[in-house]
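K.L.:
Starting from the given sequences, assemble the full structure and let the hints guide the process.
Number of protein chains: 2
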Amino acid sequence: MNSILITSGNVVDRLWLHFSAAYIITGVACYLLYYEYKYISGKRLEYFMTSKPLPQHFTVLVRAIPVTDGGSVSDAVDKFFKEYHSSTYLSHTVVHQTGKLRRLLNDAENICTKLANIKSVRHPSGDPPGKFLGIFGRNDLVGKYQKRLEDLEENVRMEQSDATRSRQEVAAAFVSFRSRYGAANAIYIRQSDNPTEWQTEHAPDPHDVYWPFFSTSFMERWISKFVVFVASILLILVFLLVAAFVQGLTYMEQLETWLPFLKNILEIAVVSQLITGYLPSVILHFLSSYVPSIMKLFSTMQGFISVSGIERSACNKMLRFTIWSVFFANVLTGSVLGQLKIFLDPKEIPSRLAVVVPAQASFFITYVVTSWTSIASELTQTASLLYHLWGSCAKCCKRDDSKPPSMHYHSEIPRVLLFGLLGLTYFIVSPLILPFVLVYFCLGYFIYRNQLFNVYSPKYDTGGRFWPIVHNGTIFSLVLMHIIAIGVFGLKKLPLASSLLVPLPVLTLLFNEYCRNRFLPIFKAYSTEALIKKDREEQSKPEMAEFFSNLVTAYCDPAMKPIQRSSNSDDRTTPLLSSA
Amino acid sequence: MNSILITSGNVVDRLWLHFSAAYIITGVACYLLYYEYKYISGKRLEYFMTSKPLPQHFTVLVRAIPVTDGGSVSDAVDKFFKEYHSSTYLSHTVVHQTGKLRRLLNDAENICTKLANIKSVRHPSGDPPGKFLGIFGRNDLVGKYQKRLEDLEENVRMEQSDATRSRQEVAAAFVSFRSRYGAANAIYIRQSDNPTEWQTEHAPDPHDVYWPFFSTSFMERWISKFVVFVASILLILVFLLVAAFVQGLTYMEQLETWLPFLKNILEIAVVSQLITGYLPSVILHFLSSYVPSIMKLFSTMQGFISVSGIERSACNKMLRFTIWSVFFANVLTGSVLGQLKIFLDPKEIPSRLAVVVPAQASFFITYVVTSWTSIASELTQTASLLYHLWGSCAKCCKRDDSKPPSMHYHSEIPRVLLFGLLGLTYFIVSPLILPFVLVYFCLGYFIYRNQLFNVYSPKYDTGGRFWPIVHNGTIFSLVLMHIIAIGVFGLKKLPLASSLLVPLPVLTLLFNEYCRNRFLPIFKAYSTEALIKKDREEQSKPEMAEFFSNLVTAYCDPAMKPIQRSSNSDDRTTPLLSSA
Chain H
21 MNSILITSGN VVDRLWLHFS AAYIITGVAC YLLYYEYKYI SGKRLEYFMT
71 SKPLPQHFTV LVRAIPVTDG GSVSDAVDKF FKEYHSSTYL SHTVVHQTGK
121 LRRLLNDAEN ICTKLANIKS VRHPSGDPPG KFLGIFGRND LVGKYQKRLE
171 DLEENVRMEQ SDATRSRQEV AAAFVSFRSR YGAANAIYIR QSDNPTEWQT
221 EHAPDPHDVY WPFFSTSFME RWISKFVVFV ASILLILVFL LVAAFVQGLT
271 YMEQLETWLP FLKNILEIAV VSQLITGYLP SVILHFLSSY VPSIMKLFST
321 MQGFISVSGI ERSACNKMLR FTIWSVFFAN VLTGSVLGQL KIFLDPKEIP
371 SRLAVVVPAQ ASFFITYVVT SWTSIASELT QTASLLYHLW GSCAKCCKRD
421 DSKPPSMHYH SEIPRVLLFG LLGLTYFIVS PLILPFVLVY FCLGYFIYRN
471 QLFNVYSPKY DTGGRFWPIV HNGTIFSLVL MHIIAIGVFG LKKLPLASSL
521 LVPLPVLTLL FNEYCRNRFL PIFKAYSTEA LIKKDREEQS KPEMAEFFSN
571 LVTAYCDPAM KPIQRSSNSD DRTTPLLSSA
Chain F
21 MNSILITSGN VVDRLWLHFS AAYIITGVAC YLLYYEYKYI SGKRLEYFMT
71 SKPLPQHFTV LVRAIPVTDG GSVSDAVDKF FKEYHSSTYL SHTVVHQTGK
121 LRRLLNDAEN ICTKLANIKS VRHPSGDPPG KFLGIFGRND LVGKYQKRLE
171 DLEENVRMEQ SDATRSRQEV AAAFVSFRSR YGAANAIYIR QSDNPTEWQT
221 EHAPDPHDVY WPFFSTSFME RWISKFVVFV ASILLILVFL LVAAFVQGLT
271 YMEQLETWLP FLKNILEIAV VSQLITGYLP SVILHFLSSY VPSIMKLFST
321 MQGFISVSGI ERSACNKMLR FTIWSVFFAN VLTGSVLGQL KIFLDPKEIP
371 SRLAVVVPAQ ASFFITYVVT SWTSIASELT QTASLLYHLW GSCAKCCKRD
421 DSKPPSMHYH SEIPRVLLFG LLGLTYFIVS PLILPFVLVY FCLGYFIYRN
471 QLFNVYSPKY DTGGRFWPIV HNGTIFSLVL MHIIAIGVFG LKKLPLASSL
521 LVPLPVLTLL FNEYCRNRFL PIFKAYSTEA LIKKDREEQS KPEMAEFFSN
571 LVTAYCDPAM KPIQRSSNSD DRTTPLLSSA
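Chains as they are written, first to last, in the numbering used here: chain H, 21 to 600; chain F, 21 to 600.
You can trust all of the hints, since none of them are fake.
Which copy is meant is left open, because identical chains are indistinguishable; a pair holds if it fits in one copy or across any two.
In silico SDA-like cross-links for lysine to any residue, where the CA-CA straight-line distance does not exceed 20 angstroms:
#1 102 / 202
#2 167 / 179
#3 553 / 96
#4 553 / 98
#5 553 / 202
#6 245 / 529
#7 283 / 268
#8 99 / 557
#9 102 / 550
#10 139 / 127
#11 245 / 527
#12 72 / 478
#13 554 / 103
#14 554 / 543
#15 99 / 555
#16 544 / 64
#17 102 / 554
#18 561 / 68
No lab work stands behind these hints, which were simulated from the structure alone.
Remember, predicted model here, so these are calculated numbers, not experimental data.
P.N.:
Structure (structure tokens):
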């Protein structure tokens, strides 16, 4: 009797331990989130206050410019801004449709690359001159390419002069101001009585502008947004089918049915353990590695004006995809429709999750262990190496190796957040996963630190704008952990513990709301205080005059600049075709 | 055989007629909504461009002002705005806590009213002097009241001098600028690096300010918002119980059980028809008439700074209450929880509504007919008359009859929208209701026109800001009509018609989204174009100097102004106690 009481007491004590652990871990996580949000906000303000003058702080992108008959976009912009922003308006650059021009330039660049390849084969260092079997063929080829290149250059010059005429103007322009505060005035106060005209927004860094965006009309962009939305949903659902197939692989009988000739090998104990334990995760990782590029392609079609905007949107899509496809799909078994039906029964969600989540603990532990190798391959850059070797062999897809690689935030951040989600949700039900997740994070810390400092070169600097994505992902993981804990205590017939846990997600969401009001506006816009202080600091500096004269031409479309052929065509490192 | 085919053909034709009617009525409604939104936006801009200078266009309400130790709110405001808005900043008025002061002034006003009553009884025109039985008693009373009034005035003066000292300053101020554009700069661009400090918003009309709001602290306001939210939900649910009781009254047996002594009367045919047909609607109307005041009280506690803001919020609450309690509660029978459960089964909603809505058609026809009498009582102002008579008899609650009444938008607009909802939703299933609804609208048009031109005097002018509420209410009615129509066609086993109707709510919501982008911003803020044009127009006018000197004192709290007693206390029309 006593031993029964003691045993049941122990079990109950352990559950109350889990209960208090839920509160403690939530409190610690929220404290760390607050501290980090505050720290990064401070860094962002410091970055702004200590930066040298940047074109994007003084420039505004204006769209939906109404043009009167017979007038041009350029005249309309000039008139409007001289009328209403006379003291701060500096200059403007109208955007032109340059889709055709860009295609011509791409073709010309490809031909130059092929020419360079041929010439490098022709004069390799130390090759005997005996190899003239194909020299005559190569000479013809060189002549043909050079003729084609000259034709292309002629076309490009014609297109450029066409594009500068009014009929290829897009109703959009980059407008530059003499002060940051002047630019902010144009962005945050609606310009026109008709809200669909003279729409203004922040301009991106000139090197960060995604020029092909402007070559589509408004209707094409609207339709693209809708198509992209449907396509992302379809991709997520299709991936679920693949994940279900992967789950099915864990059954040896299935494999033996599909691949009977391997039956003998499969029956060896080691092989069967490897396949059932390791193979599903490997396949899942392999397939998942293609999805970031597809999501980035979708974001490209959605009409963003900057590469950083495309990557942030792709990061959000990848986060939703990763959490749904890797976590929920592997946890909720059954058909796709069956999985979606769980959301029609909100009351059943905690108990359902509390049943299925612990059941998949071993799968996810394996998934985390598999990810150690993907972290290691990040260090060795295996994927890039393989791609480079493939490119050298095939001679068809040669990547531009002159620029250093840059960090793919849209694939890395969601992956890190996924492991955060796994750690937090399995913390209550299966704490065994924690050491593996911690090893992943430790490895990741050192490896990413090395990569970011020594290997990758940043393509753009958003000033911390990816942080809110991380914050929101972590809040979501916390609330999911609470829901699972409520379900677990419900299943263990401890309604008191269940109901005492209900305030926890409410408090977490209130905390998130506070952070949204306290910090998020800093990531969307700079304040009057900061803008005016910075403007006053720089007013008297002599280098501002030079900056403003450069600003006038900062936002010219690179495709519109006059091209020049490099005279020294033996030099492999200089691009043959470059803009002035 | 032929007759069967013809009959079924007729039935099918009628259904297709209803189907096309759904499309036509939606198209006509959307066209009218677009035209009206455009017209009212145009009127709003015209109102702005033709208005004389108004204090609220030049003033900004600043809240959450950070105060350094030893400093005052006034100094902090002055320093901040001279630093960052030096060219446009004019003056500021700090808000003080005046709750106690207002209570003292109310008491003094009440005593003055009582004194005036006594004196009017003492010297009624033409009364014989024989009524001196109570004169000595009245003299004592007059002396007592006058002594009390002097004490109160002394207290008021002391409180006013206290309040002007720093310790009763609220961290909020009205800041005035020299131009509308300057004020807009302060509102739409975040002022401080810390988003929770120096929060700015539009200031209301000085006469429209709801001063008691400022006397509560930030935490009190936050808690009030939460309490108000819960209280409105509770009110709506409680009202549903009352509505269920009303439904029960339609059963004569219930009445005979509760009131057995009336059995003989109830058995008369006319009486029983009157009771079952008319009484439920009358009771519903009577109870509903108290709810607007309760909702306005809730809005008052929510922390709005202007009376127009309170009424707009009360209008939204009343709209939700009216639609839920009068429409849904009477349509979905069963317990409150049973009714709420319908939302957990989204797929069942169309078919469920298609069954229950037609069943209540007769109830709503009666409801519309009853409302004709409430429209008529609007014309005769019966409620005000009864209240005035009651006040004269009771001598206790005498209303201030010196000010003309004003339109209660928060109760009238939701009522009109309810009849729009009834007309649109019953249009498909029971078109018999349409003539009654049209009579209501015709009566309403003439009666409200008369009231607004000849009877009511506006308390405030929002410039059309109630229109988006009407637009959203109508869009909701249209979508509800579509859902019911989809359910009806599903029940009649016409899946083709059902699925052809599905694009209709989608298109309606897309239309609403377009209107939200095209027109709604005009109702939230004026554009740079309008502000700068208006500023330039007035720059050279001589009356602006006088306007600016008045602007400096426009936002003083009326409770803080020095009081003066009117010397001629026989004059009944002049208020005895008035501010300078």
